[in-house]
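**Student:** Listed below are the residues making up each chain.
Number of protein chains: 2
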Amino acid sequence: MADEGMWTLDHLPVKQMQQRYGFTPTPQWIDLVQHAALRLAEGCTGSFVSANGLVMTNHHCANSCLSQISKGHEDYMSNGYIALKQEDEPKCPDVELNQLQSITDVTTQVNAATAGKTGAERVKAERAIDSKLEQSCVNGDAKTWRCDVVTLYNGGRYALYKYRRYQDVRLVFAPEQSIAFFGGDPDNFNFPRYDLDVAFFRAYVDNKPASTPQFFKFSPQGPKAGDMTFVIGNPGSTQRGIPWVQLAAMRDVRLVPLFGLLSEMRGLLWQYGRAGAEQAKEAQEARFYIENSIKVFNGWLQTLADENFVEQKKKQDASLREWMAATPERRTKYGDPWTDLQHAQQRSAELIARYNMLEQGFGFNERGGELFGYARTLVRAAAERSKPDGERLPDFRDANLPAVEHTLESNVPVYPHYEQTLLSWSLEKLRQVLGADDPTVHEVLGKQSPDQLAQQLVSGTQLADPAVRKQLWDGGEKAIEASNDPLIKLALQIDPESRQVRKAYEDDVTAPTQKADETIAKARFDRDGMSSYPDATFTLRLSYGKVVGWNENGKPVPPFTDIGGLYKRATGADPFKLPDSWVNAQGKLDANTPMNFVTDNDIIGGNSGSAVIDREGHAVGLIFDGNIHSLGGDFVYDGSNNRAVAVDTAVLLESVRKVYNLPRLADELTQGHL
Amino acid sequence: MADEGMWTLDHLPVKQMQQRYGFTPTPQWIDLVQHAALRLAEGCTGSFVSANGLVMTNHHCANSCLSQISKGHEDYMSNGYIALKQEDEPKCPDVELNQLQSITDVTTQVNAATAGKTGAERVKAERAIDSKLEQSCVNGDAKTWRCDVVTLYNGGRYALYKYRRYQDVRLVFAPEQSIAFFGGDPDNFNFPRYDLDVAFFRAYVDNKPASTPQFFKFSPQGPKAGDMTFVIGNPGSTQRGIPWVQLAAMRDVRLVPLFGLLSEMRGLLWQYGRAGAEQAKEAQEARFYIENSIKVFNGWLQTLADENFVEQKKKQDASLREWMAATPERRTKYGDPWTDLQHAQQRSAELIARYNMLEQGFGFNERGGELFGYARTLVRAAAERSKPDGERLPDFRDANLPAVEHTLESNVPVYPHYEQTLLSWSLEKLRQVLGADDPTVHEVLGKQSPDQLAQQLVSGTQLADPAVRKQLWDGGEKAIEASNDPLIKLALQIDPESRQVRKAYEDDVTAPTQKADETIAKARFDRDGMSSYPDATFTLRLSYGKVVGWNENGKPVPPFTDIGGLYKRATGADPFKLPDSWVNAQGKLDANTPMNFVTDNDIIGGNSGSAVIDREGHAVGLIFDGNIHSLGGDFVYDGSNNRAVAVDTAVLLESVRKVYNLPRLADELTQGHL
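Residue numbers (my numbering), protein chains in the order written: chain P, 264 to 937; chain Z, 264 to 937.
Keep in mind the hints are simulated off the structure, nothing from the lab.
Take these hints with a grain of salt, some might be off.
The list treats identical chains as interchangeable, and a pair is accepted whether it falls inside one copy or across any two copies.
As the list claims (entries may be wrong) - Here are the simulated lysine to aspartate or glutamate pairs, EDC-like style, with alpha carbons at most 20 angstroms apart:
#1 Lys558 with Glu613
#2 Lys809 with Asp701
#3 Lys558 with Asp515
#4 Lys544 with Asp853
#5 Lys380 with Asp771
#6 Lys840 with Glu691
These numbers come from a predicted model, not from an experiment.
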């Protein structure tokens with residue numbers, strides 16, 4: 264039996280934990296991990312590690328903040344940031360922390376609202392019930408509370424998650440990129456590893472450090488081989504309960520084209536960054552994201568092409584399908600979701616390219632830049648805010664408006680040359696993917712080349728200015744209609760077509776897929792009982808496991824690296840070049856201090872920044888990656904070689920004290936308060 | 264019944280042609296098409312279209328020549344080239360034409376030589392017999408003759424192809440890139456289409472235009488809808504006879520990673536070319552090649568993920584496999600090639616990344632640039648030339664040495680900044696794909712970054728100079744060993760490892776795959792008889808068909824476009840910008856002149872530049888592309904929508920006379936001689 268599973272806190276596998284490790288969590292222990300763990304709304308995990316709002320997460324989860332607070336010649340992303348005094352802690356424009364308050368089962372309500380409905384009807388009904396539940400949960404104070412209806416077990420269960428929001432989040436410390444991401448893309452998802460992938464934030468309330476009595480005490484030593492470990496965080500998504508027909512479509516229809524698109528963008532950004540230090544900085548955040556995604560896609564594609572995996576998956580599907588059709592009662596109860604699923608996937612193949620280009624914004628650089636996203640958000644928000652809450656697109660429901668406004672008001676730097684380059688390329692992709700004879704392409708480009716249009720849009724827009732965005736936000740539909748901003752006009756122009764393809768995709772693909780998955784999931788429950796954990800949904804999960812290496816091609820990989828190994832691996836050339844701080848500190852550091860370690864905890868993207876804790880609820884490490892075998896974890900957990908990779912708390916303390924000379928932070932970590 | 268098939272001239276489907284079209288080719292007709300059609304050794308087709316060595320092919324088949332003869336501010340690739348007088352026809356450094364003289368069946372000899380051998384033994388034996396057959400065929404005059412042993416029917420048959428070589432090939436005329444490739448990448452593989460993708464070469468012998476009495480007379484009108492058409496050319500390769508297990512490995516193990524690699528390079532080159540006109544020119548040839556490849560890969564991946572295709576393929580395999588095992592005699596005769604094939608594919612998955620990076624040279628920019636290729640060729644040639652012919656790597660057998668020498672001596676421009684950029688990127692890929700801890704990667708990079716090493720290699724090498732290459736070629740092993748050129752040293756350094764992975768790949772993958780395919784192909788013959796055509800092998804094939812449109816989403820696509828449509832499609836912005844010559848000539852041109860047309864001839868890459876001829880053996884068009892549905896033609900021919908795309912001879916004549924004012928060329932075309 265493997266240490267498999269990403270468990271919700273209200274359904275922990277207490278029996279397995281007791282049997283395998285002789286450990287049963289107390290209610291206090293569970294309460295602690297729930298409140299000390301945080302979700303970074305943009306897609307990571309963090310945890311409180313002092314009573315005064317100190318948050319530990321990854322350097323790579325602080326990328327946006329580090330880029331955004333760098334002004335002029337400053338480059339905090341590369342050079343790190345140290346707040347020597349508390350007053351030096353700058354606000355991160357875009358970071359929001361969510362602290363889970365409660366989980367309420369709302370399966371009955373959701374099922375009642377959607378019963379018997381399909382397609383567009385179902386989308387509408389689900390949107391309405393979600394909105395109703397979320398509004399009542401937020402209870403008029405969306406600045407403080409955030410509520411999300413979460414689909415668990417692919418629709419086997421629905422739950423209402425209520426979070427406390429922290430929107431005033433400031434930066435305390437981040438090391439240099441070259442030590443945080445030592446080894447760069449070559450070492451990413453590999454082990455042995457030597458990264459200090461850490462950043463510390465602080466949550467503020469009313470301009471003062473937040474009071475956070477529930478936090479993980481910081482273990483100065485880190486764990487030992489064989490120790491039981493827990494990872495508490497927000498794994499983003501997994502597809503382990505998904506039938507093969509859906510995974511096959513995911514591979515062929517979605518993943519492969521996206522892999523090509525991102526690879527192309529990677530090459531573009533690589534070359535863009537060679538033009539100089541400023542260009543390298545402009546492209547840095549997108550490059551990091553894309554290189555990481557491509558490595559993940561590679562891992563997924565490998566698993567999804569693995570004959571053994573595919574055969575096993577097909578067998579499981581066939582046996583469930585057989586079971587569902589074995590009696591007249593079951594046939595009546597379940598119908599034939601398998602055929603529905605297949606039809607939905609075929610429809611997905613027809614719609615996906617258009618959906619990606621228009622609604623996902625790949626054709627307008629909504630993914631690689633800022634400007635078009637502002638335009639679209641303003642245009643959509645103006646239209647949506649005039650509708651009743653339950654009829655809005657989910658992003659614009661009252662519960663989400665504070666986050667939208669926050670993004671629009673944040674003073675994120677916009678790089679015009681970068682935006683123009685990426686927009687030109689995106690418009691080329693729009694034309695390439697939809698075809699030069701497509702009416703929307705004709706309408707957008709007219710007689711202009713992508714390059715000409717991009718130049719005109721970026722030089723003409725005012726949307727880089729937060730004040731202009733604020734005006735348009737406050738002015739609502741009238742201001743949008745009156746605007747002469749070329750990007751606002753473009754967003755308005757494509758909006759009907761973009762909404763149409765979204766609606767078609769949701770009605771013909773998402774809704775029937777969800778319904779079929781739900782039916783299949785329910786049948787699996789009826790047959791097997793609810794003995795397992797739900798697929799990951801970027802909500803709080805606990806995984807248990809131990810510190811343990813693995814075997815690679817017959818050779819054992821030990822679970823720890825140390826500071827001595829870091830200095831041995833350094834070459835002086837990127838990405839194996841140490842920052843000056845580490846070069847200078849070498850003599851002061853204990854070479855035997857553990858640096859990174861691996862555990863067999865079952866984690867996935869979104870767990871980045873999660874604390875690794877021990878039986879006492881003390882932080883002993885900081886998750887920042889998985890090994891290469893962990894990538895298949897999206898689809899199946901293999902305990903023999905799937906490993907989580909963490910920074911040891913020992914190296915965190917050693918480096919904060921001796922490399923960065925920050926007694927203030929070191930003391931707060933060891934004492935648990937300011 | 265569809266107009267399927269790429270037939271060898273010694274096994275034409277005379278019955279089908281007679282039944283479907285009432286046409287039976289005479290021996291004279293066959294003799295004409297064999298000698299008028301040419302192979303461009305680099306990978307295209309051409310044809311003689313006058314008695315004085317005038318050759319018609321595509322502009323995109325003349326890309327290398329146009330780049331290579333452009334010097335200083337000249338850019339013949341973009342601006343076209345016109346030789347007003349015969350003395351103005353410049354030599355294309357790298358073009359070699361092959362004219363097929365004879366096909367000799369050598370199945371018995373090859374089978375006898377390889378009987379009972381497997382793995383490395385088999386590779387060696389086949390190399391030895393091929394060398395022996397080719398040498399005896401060339402008979403000491405490799406400057407005039409070229410002989411290749413060709414594997415047909417996946418090993419069901421072997422044939423010795425003897426060609427007359429033309430190495431003095433000069434450029435007569437090429438139009439501007441913007442009309443040759445009007446619509447650029449967006450229109451590539453699409454229709455309606457408006458391209459003048461033509462170039463004319465002339466073959467010279469002893470510094471005089473070659474005498475070529477067998478040529479295609481040039482039809483001034485082009486064909487009509489429904490006319491029977493033939494395409495005679497050199498389709499590069501198809502995989503129609505290949506079992507599914509091999510195609511699945513092709514998709515997952517080879518195609519998908521390569522698709523990512525080329526996509527990345529595409530983005531890099533896109534951005535590289537934006538730096539200025541000079542950089543755009545430097546990147547142009549590679550960009551063209553890569554964009555085209557990516558579109559092809561997209562088509563392949565679509566077919567290889569098409570459920571109907573996969574199911575049909577699996578069924579065909581299963582039925583043949585069953586037939587092969589149905590009697591004890593058959594089991595003894597055929598053994599179990601299916602399992603062998605599967606093992607070979609598994610081994611391929613283990614070796615392919617290393618093989619691509621080292622031996623295919625992706626890790627050293629052997630694909631995107633010139634310099635490392637020179638180094639490797641010189642290093643290999645020195646070692647190989649000292650061995651007996653039959654023991655050499657095939658590229659270095661005596662029969663191939665003239666082509667190798669030709670490449671080394673050609674004065675192809677080398678762009679140092681381009682080479683350095685691409686080499687830096689390639690070395691990064693080397694490290695990424697093999698891993699930072701790989702011993703070869705360590706050995707190559709040492710403590711340097713890819714960028715540092717690339718800078719050092721490109722600034723230090725002398726190999727851009729043909730005279731230096733000539734010295735090293737002439738000096739043989741001694742000169743190579745004594746050389747201090749850093750690229751020669753790198754090529755020497757990785758050669759043992761590179762040869763080793765090649766040998767492993769050939770022994771464990773290529774040879775057993777070939778043997779298994781051969782056994783399966785033989786079984787298919789035993790069951791079905793030799794009623795079909797062999798998979799394409801870049802050798803001369805005839806396809807028959809007709810001028811006909813198709814239905815796209817229920818709407819008919821007519822088979823012709825005309826000059827009027829070209830002017831309507833032009834926008835003034837790249838890639839829909841007409842060159843000045845066409846803008847200025849508009850008033851003079853007949854708008855109803857047919858421009859491009861489609862036929863259902865079964866063609867594939869390598870057929871580029873093939874003449875479309877009529878029943879009389881007159882040229883009526885010039886193949887330059889297929890429609891988007893033709894891309895699946897690698898694996899299966901679908902007569903309902905697979906279409907070849909050709910330039911009409913009518914527009915060729917109209918434009919040569921009225922746009923380019925070249926009566927000399929127009930007269931030669933209509934009169935058939937200078």
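**Student:** Please work out whether the CA atoms of lysine 558 and aspartate 515 approach to 20 angstroms or closer within one copy, between two copies, in both situations, or in neither?
**Tutor:** both (17 angstroms within a copy, 16 angstroms between copies)
**Student:** Indicate which option fits the pair lysine 840, glutamate 691 if close means a Cα-Cα distance not exceeding 20 angstroms: within, between, both or neither.
**Tutor:** between (37 angstroms within a copy, 15 angstroms between copies)
**Student:** Which holds for lysine 558 with glutamate 613 at a C-alpha limit of 20 angstroms: within a copy, between copies, both or neither?
**Tutor:** between (27 angstroms within a copy, 18 angstroms between copies)
**Student:** How would you classify lysine 544 and aspartate 853 at a CA-CA limit of 20 angstroms: within, between, both, or neither?
**Tutor:** Neither: 33 angstroms inside a copy, 55 angstroms across copies.
**Student:** Could you figure out if lysine 809 and aspartate 701 sit no more than 20 angstroms apart (CA to CA) within one copy, between two copies, both or neither?
**Tutor:** neither (55 angstroms within a copy, 29 angstroms between copies)
**Student:** Tell me, please, which holds for lysine 380 and aspartate 771 at an alpha-carbon limit of 20 angstroms: within, between, both or neither?
**Tutor:** within (13 angstroms within a copy, 57 angstroms between copies)
In this structure, the earlier hints numbered 2 and 4 are contradicted, and the remaining ones agree with it.
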